[in-house]
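J.: The primary structure of each chain is shown beneath.
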Amino acid sequence: MLTVKYTFEQIVALVSPSKVLGQNTQATLKGIAGLDKATEGDISFLGNLKYKAEVFASKASVILVPNNYVGSPRAGQVFLLVDNPSKALDAILRDIELKTRPKVKPGIHPSAVIDSTAKVSPKAHVGPLCVIGAHSVVEEGACLVAQVYVGEHVLIKSDTTICPHSSILSETEIGHRCYLDAGVVVGSLGYGYETENGCHYRSPQLGRVVLEDEVDLGANTTIDRARFAETRIGEGTKIDNLVQIGHNVTIGKHCFVVAFVGVAGSTHIGDYVVIGGQAGLAGHLNIGDHVMIGAQSGISHDLEEKSFVRGTPSLPYMLAHRIDNLKRRLPELFRRVDNIEKTFAYLTQDATKSCFLKKE
Amino acid sequence: MLTVKYTFEQIVALVSPSKVLGQNTQATLKGIAGLDKATEGDISFLGNLKYKAEVFASKASVILVPNNYVGSPRAGQVFLLVDNPSKALDAILRDIELKTRPKVKPGIHPSAVIDSTAKVSPKAHVGPLCVIGAHSVVEEGACLVAQVYVGEHVLIKSDTTICPHSSILSETEIGHRCYLDAGVVVGSLGYGYETENGCHYRSPQLGRVVLEDEVDLGANTTIDRARFAETRIGEGTKIDNLVQIGHNVTIGKHCFVVAFVGVAGSTHIGDYVVIGGQAGLAGHLNIGDHVMIGAQSGISHDLEEKSFVRGTPSLPYMLAHRIDNLKRRLPELFRRVDNIEKTFAYLTQDATKSCFLKKE
Amino acid sequence: MLTVKYTFEQIVALVSPSKVLGQNTQATLKGIAGLDKATEGDISFLGNLKYKAEVFASKASVILVPNNYVGSPRAGQVFLLVDNPSKALDAILRDIELKTRPKVKPGIHPSAVIDSTAKVSPKAHVGPLCVIGAHSVVEEGACLVAQVYVGEHVLIKSDTTICPHSSILSETEIGHRCYLDAGVVVGSLGYGYETENGCHYRSPQLGRVVLEDEVDLGANTTIDRARFAETRIGEGTKIDNLVQIGHNVTIGKHCFVVAFVGVAGSTHIGDYVVIGGQAGLAGHLNIGDHVMIGAQSGISHDLEEKSFVRGTPSLPYMLAHRIDNLKRRLPELFRRVDNIEKTFAYLTQDATKSCFLKKE
Numbered sequence: 003m004l005t006v007k008y009t010f011e012q013i014v015a016l017v018s019p020s021k022v023l024g025q026n027t028q029a030t031l032k033g034i035a036g037l038d039k040a041t042e043g044d045i046s047f048l049g050n051l052k053y054k055a056e057v058f059a060s061k062a063s064v065i066l067v068p069n070n071y072v073g074s075p076r077a078g079q080v081f082l083l084v085d086n087p088s089k090a091l092d093a094i095l096r097d098i099e100l101k102t103r104p105k106v107k108p109g110i111h112p113s114a115v116i117d118s119t120a121k122v123s124p125k126a127h128v129g130p131l132c133v134i135g136a137h138s139v140v141e142e143g144a145c146l147v148a149q150v151y152v153g154e155h156v157l158i159k160s161d162t163t164i165c166p167h168s169s170i171l172s173e174t175e176i177g178h179r180c181y182l183d184a185g186v187v188v189g190s191l192g193y194g195y196e197t198e199n200g201c202h203y204r205s206p207q208l209g210r211v212v213l214e215d216e217v218d219l220g221a222n223t224t225i226d227r228a229r230f231a232e233t234r235i236g237e238g239t240k241i242d243n244l245v246q247i248g249h250n251v252t253i254g255k256h257c258f259v260v261a262f263v264g265v266a267g268s269t270h271i272g273d274y275v276v277i278g279g280q281a282g283l284a285g286h287l288n289i290g291d292h293v294m295i296g297a298q299s300g301i302s303h304d305l306e307e308k309s310f311v312r313g314t315p316s317l318p319y320m321l322a323h324r325i326d327n328l329k330r331r332l333p334e335l336f337r338r339v340d341n342i343e344k345t346f347a348y349l350t351q352d353a354t355k356s357c358f359l360k361k362e
Numbered sequence: 003m004l005t006v007k008y009t010f011e012q013i014v015a016l017v018s019p020s021k022v023l024g025q026n027t028q029a030t031l032k033g034i035a036g037l038d039k040a041t042e043g044d045i046s047f048l049g050n051l052k053y054k055a056e057v058f059a060s061k062a063s064v065i066l067v068p069n070n071y072v073g074s075p076r077a078g079q080v081f082l083l084v085d086n087p088s089k090a091l092d093a094i095l096r097d098i099e100l101k102t103r104p105k106v107k108p109g110i111h112p113s114a115v116i117d118s119t120a121k122v123s124p125k126a127h128v129g130p131l132c133v134i135g136a137h138s139v140v141e142e143g144a145c146l147v148a149q150v151y152v153g154e155h156v157l158i159k160s161d162t163t164i165c166p167h168s169s170i171l172s173e174t175e176i177g178h179r180c181y182l183d184a185g186v187v188v189g190s191l192g193y194g195y196e197t198e199n200g201c202h203y204r205s206p207q208l209g210r211v212v213l214e215d216e217v218d219l220g221a222n223t224t225i226d227r228a229r230f231a232e233t234r235i236g237e238g239t240k241i242d243n244l245v246q247i248g249h250n251v252t253i254g255k256h257c258f259v260v261a262f263v264g265v266a267g268s269t270h271i272g273d274y275v276v277i278g279g280q281a282g283l284a285g286h287l288n289i290g291d292h293v294m295i296g297a298q299s300g301i302s303h304d305l306e307e308k309s310f311v312r313g314t315p316s317l318p319y320m321l322a323h324r325i326d327n328l329k330r331r332l333p334e335l336f337r338r339v340d341n342i343e344k345t346f347a348y349l350t351q352d353a354t355k356s357c358f359l360k361k362e
Numbered sequence: 003m004l005t006v007k008y009t010f011e012q013i014v015a016l017v018s019p020s021k022v023l024g025q026n027t028q029a030t031l032k033g034i035a036g037l038d039k040a041t042e043g044d045i046s047f048l049g050n051l052k053y054k055a056e057v058f059a060s061k062a063s064v065i066l067v068p069n070n071y072v073g074s075p076r077a078g079q080v081f082l083l084v085d086n087p088s089k090a091l092d093a094i095l096r097d098i099e100l101k102t103r104p105k106v107k108p109g110i111h112p113s114a115v116i117d118s119t120a121k122v123s124p125k126a127h128v129g130p131l132c133v134i135g136a137h138s139v140v141e142e143g144a145c146l147v148a149q150v151y152v153g154e155h156v157l158i159k160s161d162t163t164i165c166p167h168s169s170i171l172s173e174t175e176i177g178h179r180c181y182l183d184a185g186v187v188v189g190s191l192g193y194g195y196e197t198e199n200g201c202h203y204r205s206p207q208l209g210r211v212v213l214e215d216e217v218d219l220g221a222n223t224t225i226d227r228a229r230f231a232e233t234r235i236g237e238g239t240k241i242d243n244l245v246q247i248g249h250n251v252t253i254g255k256h257c258f259v260v261a262f263v264g265v266a267g268s269t270h271i272g273d274y275v276v277i278g279g280q281a282g283l284a285g286h287l288n289i290g291d292h293v294m295i296g297a298q299s300g301i302s303h304d305l306e307e308k309s310f311v312r313g314t315p316s317l318p319y320m321l322a323h324r325i326d327n328l329k330r331r332l333p334e335l336f337r338r339v340d341n342i343e344k345t346f347a348y349l350t351q352d353a354t355k356s357c358f359l360k361k362e
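Protein sequence lines correspond, in order, to chains A, B and C.
Quick note, the first sequence lines up with residues 3 to 362 if you use our numbering.
Quick note, the second sequence lines up with residues 3 to 362 if you use our numbering.
Quick note, the third sequence lines up with residues 3 to 362 if you use our numbering.
You can take every hint at face value.
Copies of one chain are not kept apart here, so a pair can be met inside one copy or by any two copies together.
Straight-line C-alpha distance at most 25 Å; calculated DMTMM-like pairs for lysine to aspartate or glutamate:
id, residue 1, residue 2
1, 7, 175
2, 105, 196
3, 61, 11
4, 39, 175
The hints are simulated quantities; they were obtained by calculation from the structure and are not laboratory data.
Please construct the entire structure, taking both the sequences and the accompanying hints into account.
T.: Listed below in structure tokens is the structure:
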């Protein structure tokens with residue numbers, strides 16, 4: 003539960019409901035909680051229809067429900083009808099965030115180790131025990147929380163936040179308003195080797211990584227630098243925790259890449275692609291715009307734009323679904339074929355030579 | 003091999019065997035080694051029946067075997083019969099650990115950067131180059147090994163150990179006697195976005211993470227903070243390396259969560275649940291107590307207590323096993339159906355119109 | 003694109019082509035780029051036959067092609083025929099690397115925290131904010147880039163590089179010429195517990211990790227220490243990002259282990275084994291030399307040398323491939339069996355009791 007302090011009127015102003023059901027409460031709203039956990043004085047919301055039944059039993063004083071919600075609040079409870087209850091809740095949460103979370107304070111902590119050739123904006127924040135290497139630039143509003151490593155020739159554009167223990171290795175370029183959570187590694191060496199006399203030698207990995215604007219990287223995610231040229235993550239693409247992006251991969255704009263996804267080297271991914279958790283993509287593929295890849299899929303072929311696939315090897319979503327259902331019926335199918343063979347043998351025992359049941 | 007120095011009598015005192023087979027050795031026991039690697043003077047154990055045949059050939063001087071073990075030691079060798087050889091070995095290892103491993107030394111390393119509003123017990127250890135943010139509390143016996151990041155308003159209860167390069171982000175609460183291995187991230191932002199005009203905006207993630215007492219987190223594991231309310235890991239739950247726990251997830255008490263497991267947001271997991279490596283759980287699920295989920299499973303539905311499932315999509319364990327076996331027989335099944343069709347066509351070529359073999 | 007400055011003669015000297023097609027260019031070669039991105043003055047290469055068609059359209063001035071390539075350069079373009087274009091490119095990249103990348107500068111940064119009992123070669127580099135614990139040794143030519151943690155009794159042999167935020171925990175031994183990317187954890191506690199009265203207790207994990215010479219570990223990879231004895235990674239084995247190696251595992255020489263692979267405790271892997279991304283290996287297995295395991299496989303049984311398997315449960319590669327194809331034909335098979343049953347029922351409606359179609 004999140005503790006807050008709002009009047010009913012303030013909440014209405016924040017979420018602009020299309021309709022208000024129930025009597026306006028005069029009490030101070032003091033918390034935000036899930037439908038099942040909320041008590042009197044709390045705000046709650048119906049963000050996922052799975053929880054519809056919980057609205058009825060919820061003790062929240064104010065509940066954000068979708069415009070088409072059918073039902074009435076109980077005495078002392080108010081329903082605020084909105085287009086999207088989850089977005090409406092975000093409006094409240096964003097207000098709390100603005101009011102309570104510390105702003106980036108410009109300045110460099112004295113324990114940070116910054117090369118004399120690096121350029122840090124006086125309006126950037128460099129927290130304790132950060133390292134910034136030669137010729138790197140940190141623009142205004144950027145925030146290196148603490149213990150961040152920034153290599154040489156790195157560019158970190160304005161208003162980007164980098165959380166503790168992240169490593170931004172040499173030559174990387176990070177766009178405006180990116181958010182890199184803790185422990186990310188950007189610019190690790192690509193996994194490319196040539197073998198000679200039974201020994202593997204790493205191909206030099208001299209390229210770099212470019213994150214365009216408004217890219218998010220989740221905690222402990224790793225992005226390899228290119229062999230030459232660049233690995234690039236497009237504007238507005240949001241990557242979850244513990245994802246691995248191989249060398250020379252390009253990902254388009256506004257994609258979602260969920261936890262544990264691995265993308266092997268030189269694969270190109272279009273815009274607005276969604277890749278479910280634990281999916282793996284082989285190298286050197288072309289994945290079109292608006293493709294959707296189900297969780298745990300294994301992709302080994304190019305995918306045309308708007309494909310929707312899942313499984314290993316991956317199939318069109320509905321076919322994969324149908325085959326999963328039929329797979330479950332394999333015991334039945336084997337029994338049916340057994341029965342056919344047996345009856346066949348019985349029926350034909352006299353009339354024909356029963357050789358037809360021989361198996362290869 | 004681990005080098006030690008024990009008399010036979012000391013070992014007997016540590017493991018309390020139900021029976022001793024063979025002649026007591028007078029030699030100093032000098033090492034602990036696997037059955038195949040052990041030489042004279044070593045202690046070994048039969049911890050997994052897979053290695054039974056190795057007992058016979060082992061050169062270990064002392065072997066811990068289960069009470070029902072059938073076989074005799076060779077000359078100069080002793081078998082100690084015990085309930086659980088692996089637990090018996092642990093008793094020895096724990097003794098070594100107590101005698102040889104350094105204790106937590108209270109004190110704060112001068113290179114640590116600690117906010118003036120943080121409260122660190124004089125009986126806690128804060129190693130070199132740690133950062134502790136405003137209003138955080140570190141209780142007695144807690145040990146931040148080195149280079150640990152602790153954000154603001156964090157509570158680290160007594161006797162908890164946090165290894166290097168871990169990030170304990172703001173508002174997190176960590177229980178008593180937890181063990182967080184190197185590189186863990188607790189309190190990263192949840193992966194929740196709303197899309198507007200083709201751009202994705204992160205929902206504010208203002209909740210926190212609570213680890214109850216005696217939780218272990220493996221190296222580089224990540225736990226996201228809640229959107230509001232909390233992400234909670236129950237007492238005594240043991241999480242392996244490189245696991246991802248999404249926002250607002252709750253995990254019950256005494257669970258096992260093996261490497262590379264991903265749990266998506268708002269899923270609730272009961273007590274005594276075991277989740278095998280590389281399994282993935284979708285969001286908003288309810289997983290009952292005592293559920294067992296096989297490695298690499300994909301869980302997209304609620305699971306009743308005591309379910310034992312595996313596969314993607316997951317099925318009851320024995321059914322999944324049966325279907326895996328039948329899948330392997332698909333080449334045979336296709337041949338059998340081919341044969342039936344051919345014979346059928348032959349038998350009926352005169353009698354009927356053979357149209358019945360047409361395929362849709 | 004990588005910016006360079008070479009004469010045509012210098013490139014020829016570096017790649018030693020078996021044949022030169024086209025007229026020698028006099029221009030300075032100024033970049034290295036992919037076939038599709040290259041412009042006049044660039045060097046490119048045909049490293050993967052998938053991109054053959056792009057050679058024809060490429061504007062690169064110099065293209066490295068395989069000896070058996072059929073085709074002619076256009077006016078002003080040169081083809082250099084070589085055994086292996088990717089290796090030839092590496093020769094150029096390595097030359098660039100030698101000329102442009104900074105060498106390891108011996109010396110210890112004053113912000114590093116080094117125990118008085120540790121021994122650091124005066125020819126090693128210890129970057130800013132590193133920690134080196136008691137009794138550890140760092141040999142000459144070793145490079146701890148920055149913010150590296152080295153525990154107690156660690157040995158880091160000559161010419162090994164360790165990138166930022168890596169944790170080399172106590173007792174670990176790291177060979178000559180290893181490369182550990184950012185965020186790796188070596189020596190985390192093994193995931194082994196005994197349960198007593200419903201609580202899980204970690205078995206003491208007192209063993210260590212040994213990396214032999216020329217081992218590479220990718221970013222955020224984790225290697226657990228042994229319970230006793232050792233976890234060992236053989237000479238020349240190359241491990242990708244985000245891999246998890248359990249306690250007491252041994253991996254042989256010259257293996258490839260791709261991202262997200264998990265190897266459970268006490269499994270032994272031979273030499274020259276290749277494990278595809280996201281594959282999982284159960285514990286206590288023996289995997290022979292030269293085994294190849296496909297991506298996303300689940301291995302639960304021993305594998306003989308030279309096995310080539312994939313899938314969960316894993317099957318020989320060609321069988322798995324065949325079964326995947328047949329699985330896709332399940333809708334057809336169900337229809338065929340439906341047809342047989344229907345026709346059968348029709349044919350036999352008078353002649354026999356149609357009981358034979360009953361299903362169990």
